[in-house]
Amino acid sequence: MLAFLARRLPSVAFMLLATSIIAFLLPRLAGGDPAQTIAGADATVDQVEAIRQQLGLDQPLPAQYLDWLFGLLRGDLGTSLITNRPVGQLILARLGSTLELALTASVLMIAFGIGLGILAGSVRKGAGRFGLDSAISVLLATPPHVTGLILILVFGITFNMLPISGEVSILRDPVTGFSLLLMPALALALPQAAMIARLIQARMMQIRQEEFVDFARAKGVPRSQIVLSHILRNSMGTAVVATGIRIGELLAGAVVIEAIFARNGLGLMAVDAVTSRDYQVVQIVVLGAVVIAVLTHLFSEILLAALDPRIRLE
Amino acid sequence: MIKKLYQMSYLGGNGMGDAAVSGSPKISRRHVLGGTAALAGLATFGMPVAFAQGGGGTLRLAQGADAQPKNILAGRAGNNSWRHQVFDALTVLDGETGEPVPVLATDWESSEDGLTFKIRIREGVTFHSGRPLTADDVVFTLEQVKVPENASQMAPLVRAYTSITASAPNEVTITSETPVAPRIFDVLQLAVILDKDTFAGLADGSQVVGTGPFKWVEWIPGASLRLERNEAYWSETPVALDGVEISIITDSTAMANAMRGRVDLVLAMTPRDAIMFRGNPNVELIEAPGAQIFPLGLNVTAAPLDSKELRQAIGFAIDRQRIIDQVFNGVGTPSCLWWRSNEPGTTEEMVNHYHYDPEKARELIARAGAEGAEINISVIGLAPVPAIYEIVQNNLREVGLNPVGTVLETAAFDQGQTAGDLGQAFQQIHGLQGFSAATLVDALPALRDTNPSKFAPERYRQLKDALQSAQGEAYAPALAELGEFMLDEAFSHILLQTPPLHAKTPQLQGVVWDNVGFLHLDAASLNG
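Taken in order, these protein sequences are the chains called A and B.
For what it's worth, our numbering labels the leading residue of the first sequence as 1, then goes sequentially.
For what it's worth, our numbering labels the leading residue of the second sequence as 315, then goes sequentially.
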């Protein structure tokens, strides 16, 4: 595995360098600038220009880029142009919220996805099959923000069972923290869980037709063992890869969900940074997202190799 | 009318509302000193009531914009809730009359020619750091207003002063080549007094030190702000609240939903979200001062808008009441003016100068020979302006024009606005309502000399100068003359004024908004 990782290192480094250039240029291509945001809508030309100079935005772009890049190599993530706080500090202040949401949503996504997938792949006829197929289709077709609003309406407003706004760290107050986390995590997890369930269902139905399953059946292997050891294990590879990808999408969905449930996570911070043209924050968020995606992908490949003996890390 | 459901809470006559319920009346130093202006202060801030120090609970408040301590000298929505909790101004403008009320100033005097202005500063006031307030802090603050990096809308006014000096330990003297008052009170309202020793800490919010009733404790950018009571506050009226917790919630509906048990006060709710709370006995909706105005700017150098008849026709073509009803759920005033109607010199005719009259609009368009003319409109992509554009577009089509709208992202629009370059026509959004018209004509992008309408005739500058030099009774006719000229030239049509809509629980009492919509919580409590 180490050799595999070592072989991947140059391409990962190249990808990160390319991403850093894109992350640097992207917000600057969007029009507007942070000096304007700080100066305000009523600002005069001299006020905007003075702030631009103060922020160093009057320097040539290559000089700004290299300054940022060398800072990164020294472990300095930069300073927010809008709040003047270190970007690392801003991210740390929001990381806990996003981690809580992402971890809870991931657990729910995997649990619901695998559970629903196995059920849907095992029940092959009748009302059960129709019900499961319908449920998965509805969940698939409903985006997280709609799911979130429905949950708010039903559990937050109509039945008043769960709080609809705010956050408390689970570590500080587990009960309140979890009650505030449940609806946003569910809203985020359910559409992705449906996707995983559909993949597992399809793969299970496909593998059920394979010759080795007929062979096991002919040998008199019990039905439950066939499902667990032969069909399910061979179906999980797809789900593992899909789960890796879904976690990335889940983080993307967190932007909207954080807004709806008034949670102060990284997603919302990223949106605010884009709106206010806080280049330093946007750059780190984009770069960080790519690093997470690369790591998730590598982890999925390693896990897939462990699950499927036909796959080797090369 | 939705309005009838609202509890008007800028509280003309009794700023305390029904908070004035218990304890023996006790007048604070804030309200006693300052001569006639103090009487105006009493009118707005009300007869203060002696709450026991503390025990008033912690006020939980939600707002959409983040705090910007770095821009404390500029008007910023995110600072309105805490500006006058952490800092004090020398004077604030009364929410009802617009008159200055003394706070850190005890009194002031203007020379006969108006070119010298003296302010005496309250003694015995200390910053949260424990250091006494001096006249040097006031001079330092006013000097900072001039600094372009601080982005104050009052910078042009203060730059026009020839000197700002500490003429005595508790007295500041300002001299100018044009009369200092009354516009000085706009400067003093916005320029809260800063601690010169910790000024650098404002840049990242690490040290935000004022003399106000609450101390700045913790700010998590984009998420929350926590204040706690200043036990050494100079006022004789005790501060009831133990602290203030401000949550930043950027999604407007999520912010409104915070009213369902998470917070006691939501600031600047959209009328659409406010509908959820109509008839709810646990929520009081409040229209406060500090309105927004929505100008439709017309570039007078770009054909066919170089025709005054066509520009006037556009003013008559727009159905302002429809915008108020459909976009703002009935909350707003179809005013044609760029300033609050409580300004001296403002008449009913000016407020309603352009009323919906499509026939007259068609007639004027025909006279201008502009039937079927294409009008390109840049629209700021900030809600609800694109929704207003839909109605404007419809109205202009009805009178035979051909509007073509382009919605621009806020950052890009602001850049064009600063550069004075927004194309043929443009829909803006402006705040700063509550400052005097004399200040607004140079502070609002739609009206200043480098306005994107490219409207800068000599007479416009002369009338502005006349208004800005006018003192006492000369102010009203000067404003009337300027206002009528601006309306006639029709380079910037105000479509409507909308007040900020706040929501609070009935338990929260004693909240006051001044003339520009800044919140004051020194008399607030949660014991109602």
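Please note: incorrect hints may appear among the correct ones.
Covered by chain A, according to a simulated footprint, are these stretches of chain B (three or more residues, beta-carbon under 8 Å) [said to hold, decoys possible]:
id, region
1, 392–401
2, 513–527
3, 532–542
4, 608–616
5, 720–728
6, 758–770
Computed list of chain A residues with no C-beta within reach of chain B, every gap over 12 Å [what the hints assert, rightly or not]:
id, residue
7, Ala-39
8, Leu-182
9, Glu-211
10, Leu-268
11, Ile-292
12, Ala-305
Calculated directly from the structure, the hints in this document are not laboratory data.
Note that the Cβ used here is the ideal one computed from N, Cα and C, for glycine as well.
Going through the hints against the structure:
1. As drawn, the region 392–401 of chain B meets chain A at 0 residues by the rule of a beta-carbon pair under 8 Å; below three, the given contact is violated.
2. Counting residues of the region 513–527 of chain B whose beta-carbon sits less than 8 Å from any beta-carbon of chain A gives 3, enough to reach three: the coverage restraint holds.
3. As drawn, the region 532–542 of chain B meets chain A at 5 residues by the rule of a beta-carbon pair under 8 Å; at three or more, the given contact holds.
4. Here the region 608–616 of chain B counts 0 residues with a CB under 8 Å from a CB of chain A, which misses the bar of 3, and the coverage is violated.
5. For the region 720–728 of chain B, the stated coverage by chain A is satisfied: 5 residues place a CB nearer than 8 Å to a CB of that chain, which reaches the threshold of 3.
6. With a threshold of 8 Å between beta carbons, the proposed coverage of the region 758–770 of chain B by chain A holds, since 4 of its residues qualify and at least three are required.
7. Distance check for Ala-39 of chain A against chain B: the nearest CB is about 5 Å away, which does not clear 12 Å, and the non-interface claim fails.
8. A cut-off of 12 Å between C-beta atoms confirms that Leu-182 of chain A is not in contact with chain B; the least separation is 16 Å.
9. Residue placement check: Glu-211 of chain A keeps its beta carbon more than 12 Å from all beta carbons of chain B (closest about 54 Å).
10. For Leu-268 of chain A, the shortest C-beta to C-beta distance to chain B comes to about 7 Å, within the 12 Å cut-off, and the non-interface label is violated.
11. At roughly 21 Å, the least C-beta separation between Ile-292 of chain A and chain B is larger than 12 Å, which holds for a residue marked as non-interface.
12. In this structure Ala-305 of chain A is separated from chain B by more than 12 Å, as the shortest Cβ-Cβ distance comes to about 41 Å.
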